[in-house]
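Okay, here's what each chain looks like letter by letter:
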Amino acid sequence: MSAFASGSVSGFDSLLEPGQAPRAGHLILNMGPQHPSTHGVLRLVLEIDGEVVVRVRPVIGYLHTGIEKSCESKLYQQVVTLTDRIDYLCPLTNNLCYVLTVEKLLGLEIPRKAQWVRVLLNELTRINSHLVWLGTHALDIGAMTMFLYTFREREEILKIFEMASGQRMMTSYFRIGGLALEPPLGLLERVRAFISGFSAKIDEYETLLTRNSIWMGRTRGVGVISAADAIAAGLTGPCLRAAGVPLDLRKTQPYSGYQEFDFSVPVRTESDVYARYLVRLAELRESVKIVTQAMAGLPEGPFKAQAPGIVLPDRDKMKSEMEALIYHFKIVTEGFRVPAGQAFQAVESPRGIMSYYIVSDGTSRPYRVHMRCPSYANLQSLARMVEGRLLADVVAVIGSLDIVLGETDR
Amino acid sequence: MSAEPPVPPAPSSEPAPPAPPDVVARLEAALPGALERFEDLRGELSLWIHSPRLLSVLRFLRDDPGQQFDLLVDLTAVDRLGAVPRFELVYQLYSTRRGVWLRILSGVEESDAVSAPAPVSSGPAHLPEPIRETTPGPGIASSVYSLWPAADWFEREIFDMFGIRFAHHPDLRRILMPDDWEGHPLRKDYPVEGYR
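Protein sequence lines, in the order shown, are assigned to chains A and B. Take 3 as the starting number for the first sequence in the numbering used here and just add one per residue. Take 47 as the starting number for the second sequence in the numbering used here and just add one per residue.
Some hints could be false.
[To be verified] With a cut-off of at most 27 Å between alpha-carbon atoms, the simulated DSSO-like pairs for lysine-lysine come out as follows:
{"#": "1", "chain 1": "A", "residue 1": "K71", "chain 2": "A", "residue 2": "K253"}
{"#": "2", "chain 1": "B", "residue 1": "K234", "chain 2": "A", "residue 2": "K291"}
{"#": "3", "chain 1": "A", "residue 1": "K71", "chain 2": "A", "residue 2": "K115"}
{"#": "4", "chain 1": "B", "residue 1": "K234", "chain 2": "A", "residue 2": "K319"}
{"#": "5", "chain 1": "A", "residue 1": "K115", "chain 2": "A", "residue 2": "K321"}
{"#": "6", "chain 1": "A", "residue 1": "K319", "chain 2": "A", "residue 2": "K332"}
[What the hints assert, rightly or not] Not close to chain A: a few residues of chain B, all C-beta gaps over 10 Å, as computed:
{"#": "7", "residue": "E90"}
{"#": "8", "residue": "S102"}
{"#": "9", "residue": "P131"}
{"#": "10", "residue": "G145"}
{"#": "11", "residue": "W147"}
{"#": "12", "residue": "P195"}
{"#": "13", "residue": "A213"}
{"#": "14", "residue": "Y241"}
Treat the hints as calculated values from the structure; they're not laboratory data. All C-beta atoms in this analysis are idealised placements derived from N, C-alpha and C, irrespective of residue type, glycine included.
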């Protein structure tokens, strides 16, 4: 304890001033960065009084890879592959947000078919992300069975992604101007087979948890934050909707054709861990509705925009037309110029508002790319949710925030 | 949520100069001289604000019953190396009640002192002292933490990546890079491979 008293223990810096000691009876506790319930490499420095958390300070940056800096030296179309690597649970949402921002700068019109496939795959991404959240969140609180069931369904979604893009996780399927490839034959049948049985799977999850007294005991009334505090702290996504604010950008600022889909925005008012669980489960059902509509009404037509010089030409045209070959060569070797200016695009990711802000200086490489990642902003609310609560609640609240550290640290 | 906000009007791409959006007129009336210029392009409204007036403009936008920009969605910076002022702060505001976006931009001048390594503190050797600036100036912007607590980590990230300090920020330390890191990686004169 003498090391604590002198305040010189390496790494406890973020909670104590140099030379300052913890208050009498209080203990400074380190949690993470290698801790199973912190979903990656989140580190928390906690000041506890017995079992009660007095203060908590998240320490992040262990996964920082400098993606924003890397973007500045890549061609616009190369950045798409970097956006996959921000968040391993929703690469397609990151792809979408990035390409929408660049398309805004370019003033590109995207064919309806591409927009609908983007919506379809984005909602599958939301299901994928929520499944991993549900499995790991329940695992943290002690309901291990859940994890096995949700990963069973997630595996099928990853196979669908692999079918469309050739990759299970690092998809890069959306390109500036449309899609990378024509959606393969049999994709819709596979999605239909999955989605038709999925509602019954959600019922299974609900049987295991929704009225489970241990689950309710661990989550109800835990991690409460008022709607006003949540907005001031920048909390968005299912956590904000569980606090009674019906903010969903798919409804309020529709992008990529979301205005054509019929779905509702689940809202709760309790603003506790249990309410966030209910909101996300309801969102799974809404995503099923959107995917079903997207399959039923999938428009015919081209899957990429008519924009020679920006969108790669078809393979067969390259073998018969000289212009196509020249465009292909130029796009691959030197990229394309994007008009100078700045653009901002926000989308509703599974975790909240995700936005890209891109500054172009008129060259073929972005001058600045900034991602606003929902995990980064949402994690700031952790202290407001757990201070004054029990230490065991910290694990439940982290799970309910649904953070991805790759996205937090970028 | 009602998605039919009356202001600002939808931007038009007609060649005729569109009337300035309502928020611009209201801002000019409430805080004359604070607005440097505005741009209404691609459905995005951007206002450039003179930096000494930034905090009062943002407070007006948050508190005025006609504006109600209650959500600070994003705050970042751009290094316009060679321009004066060198840095540009970018605030993306959203009103959850009215369902509209607004972008606020404001310059921050470069300061030589900002490039210097963190001062050596009297505490443990590896820890720089928390920075407690109180007045905006070259290299120092006003913190909006008092308006939106969400700004806490955004401003720490800007300090970390660009070396811009924020007056009245409660806890201005590096957030993504290690505490003893030298330099600010997102500056344009910082090499992609880092200093060797």
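query: Among the hints numbered above, which are violated by the structure, and what are their numbers in rising order?
result: 1, 2, 3, 4, 7, 10, 11 and 12
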